[in-house]
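Here is what each chain is made of, one letter per residue.
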Amino acid sequence: MTSDNDRRRGLLARLRGRPAARSRGRRRLGAAFRLIAALTLAGGAYTVFAPGVQAQENPPLTGAAAEGRALFDVSCVTCHGRNAQGVEGRGPSLIGVGSASVEFQVSSGRMPMARQEAQAMRKPPVFTDEQVRQLGQYIQELGGGPQVPQGNLREGANLSTGGELFRINCSQCHAFGGGGGALSSGKYAPSLAPASDAQIYAAMLSGPQNMPVFGDNQITPEQKADIIAYIQESLKADQDQGGFNLGRYGPSTEGLAIFLVGIVALVFASLWIAGKS
Amino acid sequence: MKRRKFDVAAVPGKAAGGVDDRFQVATPLRKLLNKVFPDHWSFLLGEIALFSFVVLLLTGVFLTFFYEPAMTEVVYNGSYAPLRGTPMSAAYASSLDISFDVRGGLIMRQMHHWSALLFMAAIVVHMMRIFFTGAFRKPRETNWIIGSLLFWVGFLAGFSGYSLPDDGLSGTGLRIASGIMLSIPVIGSWVTSSIFGGEFPGEIIISRFFIAHVLLIPGLLVALISAHLGLVFKQKHTQWPGPGRTNENVVGERMFPRYALKQGGFFMVVFGVIALMGGLFQINPIWYFGPYEAWVVSAASQPDWYVMFLDGSTRLMPAWEINIPIGNGYVIPPLFWPTVVLPGILVGLSTLYPFVEARQLKDYRHHNLLQRPRDVPARTAVGAMAVAFYIVLTLSGANDVIADKFHISLNAMTWAGRIGLLIVPPLAYYVTYRICLGLQQHDREVLAHGVETGIIRRLPDGRFEEVHQPLSAADGHGHAELDYVGWVVPKKMNRLGALGPAIRGFFYPIEKPVEAPVSPGHPPVEPRPERAEIGSGESRR
Numbered sequence: 001m002t003s004d005n006d007r008r009r010g011l012l013a014r015l016r017g018r019p020a021a022r023s024r025g026r027r028r029l030g031a032a033f034r035l036i037a038a039l040t041l042a043g044g045a046y047t048v049f050a051p052g053v054q055a056q057e058n059p060p061l062t063g064a065a066a067e068g069r070a071l072f073d074v075s076c077v078t079c080h081g082r083n084a085q086g087v088e089g090r091g092p093s094l095i096g097v098g099s100a101s102v103e104f105q106v107s108s109g110r111m112p113m114a115r116q117e118a119q120a121m122r123k124p125p126v127f128t129d130e131q132v133r134q135l136g137q138y139i140q141e142l143g144g145g146p147q148v149p150q151g152n153l154r155e156g157a158n159l160s161t162g163g164e165l166f167r168i169n170c171s172q173c174h175a176f177g178g179g180g181g182a183l184s185s186g187k188y189a190p191s192l193a194p195a196s197d198a199q200i201y202a203a204m205l206s207g208p209q210n211m212p213v214f215g216d217n218q219i220t221p222e223q224k225a226d227i228i229a230y231i232q233e234s235l236k237a238d239q240d241q242g243g244f245n246l247g248r249y250g251p252s253t254e255g256l257a258i259f260l261v262g263i264v265a266l267v268f269a270s271l272w273i274a275g276k277s
Numbered sequence: 001m002k003r004r005k006f007d008v009a010a011v012p013g014k015a016a017g018g019v020d021d022r023f024q025v026a027t028p029l030r031k032l033l034n035k036v037f038p039d040h041w042s043f044l045l046g047e048i049a050l051f052s053f054v055v056l057l058l059t060g061v062f063l064t065f066f067y068e069p070a071m072t073e074v075v076y077n078g079s080y081a082p083l084r085g086t087p088m089s090a091a092y093a094s095s096l097d098i099s100f101d102v103r104g105g106l107i108m109r110q111m112h113h114w115s116a117l118l119f120m121a122a123i124v125v126h127m128m129r130i131f132f133t134g135a136f137r138k139p140r141e142t143n144w145i146i147g148s149l150l151f152w153v154g155f156l157a158g159f160s161g162y163s164l165p166d167d168g169l170s171g172t173g174l175r176i177a178s179g180i181m182l183s184i185p186v187i188g189s190w191v192t193s194s195i196f197g198g199e200f201p202g203e204i205i206i207s208r209f210f211i212a213h214v215l216l217i218p219g220l221l222v223a224l225i226s227a228h229l230g231l232v233f234k235q236k237h238t239q240w241p242g243p244g245r246t247n248e249n250v251v252g253e254r255m256f257p258r259y260a261l262k263q264g265g266f267f268m269v270v271f272g273v274i275a276l277m278g279g280l281f282q283i284n285p286i287w288y289f290g291p292y293e294a295w296v297v298s299a300a301s302q303p304d305w306y307v308m309f310l311d312g313s314t315r316l317m318p319a320w321e322i323n324i325p326i327g328n329g330y331v332i333p334p335l336f337w338p339t340v341v342l343p344g345i346l347v348g349l350s351t352l353y354p355f356v357e358a359r360q361l362k363d364y365r366h367h368n369l370l371q372r373p374r375d376v377p378a379r380t381a382v383g384a385m386a387v388a389f390y391i392v393l394t395l396s397g398a399n400d401v402i403a404d405k406f407h408i409s410l411n412a413m414t415w416a417g418r419i420g421l422l423i424v425p426p427l428a429y430y431v432t433y434r435i436c437l438g439l440q441q442h443d444r445e446v447l448a449h450g451v452e453t454g455i456i457r458r459l460p461d462g463r464f465e466e467v468h469q470p471l472s473a474a475d476g477h478g479h480a481e482l483d484y485v486g487w488v489v490p491k492k493m494n495r496l497g498a499l500g501p502a503i504r505g506f507f508y509p510i511e512k513p514v515e516a517p518v519s520p521g522h523p524p525v526e527p528r529p530e531r532a533e534i535g536s537g538e539s540r541r
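Line by line, the protein sequences are chains A and B. Just so it is clear: in the first sequence, position 206 is 206 by the working numbering, and no numbers are missing. Just so it is clear: in the second sequence, position 474 is 474 by the working numbering, and no numbers are missing.
Simulated from the structure, these hints should not be mistaken for lab results. Beta carbons: idealized from backbone N, C-alpha and C, even for Gly. A hint or two may mislead.
[What the hints assert, rightly or not] In the DSSO-like style, the derived pairs of lysine-lysine whose C-alpha atoms are separated by at most 27 Å in a straight line are:
1) B:405 with A:123
2) A:123 with A:236
3) A:236 with B:405
4) B:362 with A:187
5) B:362 with B:236
[Unchecked claim] Every beta carbon over 10 Å from chain A, so not counted as near; a handful from chain B, in silico:
6) 323
7) 345
8) 408
9) 460
10) 492
Next comes chain A alone, as it looks inside the complex (with noise of 0.2 Å):
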């Protein structure tokens, strides 16, 4: 630290100071060597500062996120566009979507998009688990943003929490027994059966197609682990106490049932027993 300012001080009392004893040749050389010492220090701040032409074309990849790039340069380009910055009316900018979203979208088959319509549906995944990381990768280190933590997403979790969150956050749309409900204009929000702790937990950070984000700061890493703990273990592991659950669809099938049952197995024994006269 001392050494430092008094090599500073030594610099400038060097441009300051014996201003009397310097020569007119010396003088117009100082003065050059300022000159190009203060373009050089421009130039040099302009380098650092404005955006290079040579860092877009060569991003300092790692080789997963290579493997991921050439994975998206394949499947995912026509939409999204060339280095994921989006098409106009085709696909979104996924600068920023982190990945968390990917985890989400490319896992659950929802990626790649069979066709343009109100939302995609889940469909069996094209990408092995090591390339929907390898994508999620590329997409991380292109733009940042949301990432599923490693690790178990449910430990320590609270089912009574969880439930009381569930019920708050997700039965709006995703009904009280997680099986999806309809939202407008041929929007759904999907059943839960068949989803991933991972792919629930990237759901509610990333908040794809028409699902809100639950960010960490509206729901917390641990109540996000409480929500994963009641839907994987209870609303999927209970087997129905009361019998066969008729979809969990509500008083709708319960209504259908006590025709399609009770009514109709009760006129046909009113029409046995009145038959036996």
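Knowing the structure of chain A, use the given hints to seat chain B on it.
This is chain B only, laid out in the frame that chain A set:
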């Protein structure tokens, strides 16, 4: 001391004699037990409702032993792990206890709910039978009105029961009910605050609904059902026209023993079906809905099926708000029309229909014989129109579930419901009317020309004609017209005995087809002889 011989066989007679000595019941009882009921399967539909009401009372009493009608907040600590530690009302906690901790509680709850749905379904099906056969005509208009009231009182019973568990679903239903009450102009806010004891949800509504559900409404139902059955006894049951049946008599079976035994058996069947449904099909899994909180509304929150038409009418109603510039402005919300005005009109129309029809047809006579639906095309078509209207509304009540599960846009479903509500009922009217006329015409054709035999005859000039079997001896012109008496016209040869009778038996034949007797004079049918294939050239075999 000599032991007196005890004659077991004489006990019932002696006991009955003793009872009659004291109470003089033999004469009225004989009249009752000898009462004759006509027999037809469609007359048993009302019994389904009656018997499911009995099941409702039995299971309902069981549930009251464990249910706690209070909104005091407790923390659940029962068997269902995902709700443990959750604060909730005592009503919901006790409903969960009934489902998970009371022995046999869940099946009782499910049987209670299924029999409630069955009660309403049977009422509607029975009502349709009464309507389409004209059984509501004079002198039975009063019983028709009582029956319609039974539907609406059953509706209230169902809704109040739906609200009692105090889970997310029932709370959502209550919130909608309070919204409906609030929409009534002038008195709306007063009605709501007096029912809920202030602002929704308050702290009193569950105990109020409880007493309505277990005392007031069942009492009213029992009274109406008694009056309904009493009137059937007094006015006698209607019957189908047929041989020996007139407007002045009743042909059928005596109350005792056959009819009573059949009814007893049928009660067991109804009970059995309800018990099976209660044990096999899960209904209203309250534990998924959680305790009611104003901010928790699940997707697919629907009322039970008999209320769903109101949900549907609400979903189809455009947002037409009426602003009346009085004072600070007065608003009649759009909810008022589909949920208060529409049911009001429906109650009025359904109860007054017998009088409207009598006035229209200027028919003020007594009618104890039923009509086949085809014989009164206008009434049948009106009924079909009403059913179509109801079905469109009910489907619209579930339109989000239909949209989601069949991958249809919800907006498209709403518009389909709006347009369908205007188009489908008239279409149903027209189609039904034409079908009725067609069936009538076919009846008249058979009566005039006889039954089709399926035998084609070629005439000497080369024409073909089908041989008809006349139903009566022909007159001089070869015609044998019979009068239509309002009952089934035979249309198949085996009904006339010209072929072997139809195979008897309900689920499986009680006689084998080969053993079926062939009518005398008819040669026994022999299997068709095998024929060689006709082809050109060598056979490939």
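Verification of the hints:
Restraint check for residue 405 (chain B) and residue 123 (chain A): satisfied, since their Cα atoms lie roughly 16 Å apart, inside the 27 Å limit. Between residue 123 (chain A) and residue 236 (chain A) the CA atoms are separated by roughly 20 Å; this keeps the pair inside 27 Å, and the hint holds. This hinted pair checks out: residue 236 (chain A) and residue 405 (chain B) have alpha carbons roughly 19 Å apart, not beyond 27 Å. Distance restraint check for residue 362 (chain B) and residue 187 (chain A): the Cα-Cα separation of roughly 55 Å exceeds the 27 Å cut-off, and the hinted pair is therefore not satisfied.
Of the supplied pair hints, the one linking residue 362 (chain B) and residue 236 (chain B) holds, its CA atoms being roughly 24 Å apart against a limit of 27 Å. Against chain A, the non-interface label of residue 323 (chain B) holds: every CB pair exceeds 10 Å, the least being about 27 Å. No beta-carbon of chain A is positioned within 10 Å of the beta-carbon of residue 345 (chain B); the least distance is around 23 Å. Against chain A, the non-interface label of residue 408 (chain B) is violated: not every CB pair exceeds 10 Å, the least being about 8 Å.
With a cut of 10 Å on Cβ distances, residue 460 (chain B) stays outside the contact zone with chain A, its closest approach being about 48 Å. At the 10 Å boundary, the C-beta of residue 492 (chain B) stays outside the reach of chain A, the nearest C-beta of that chain being 18 Å off.
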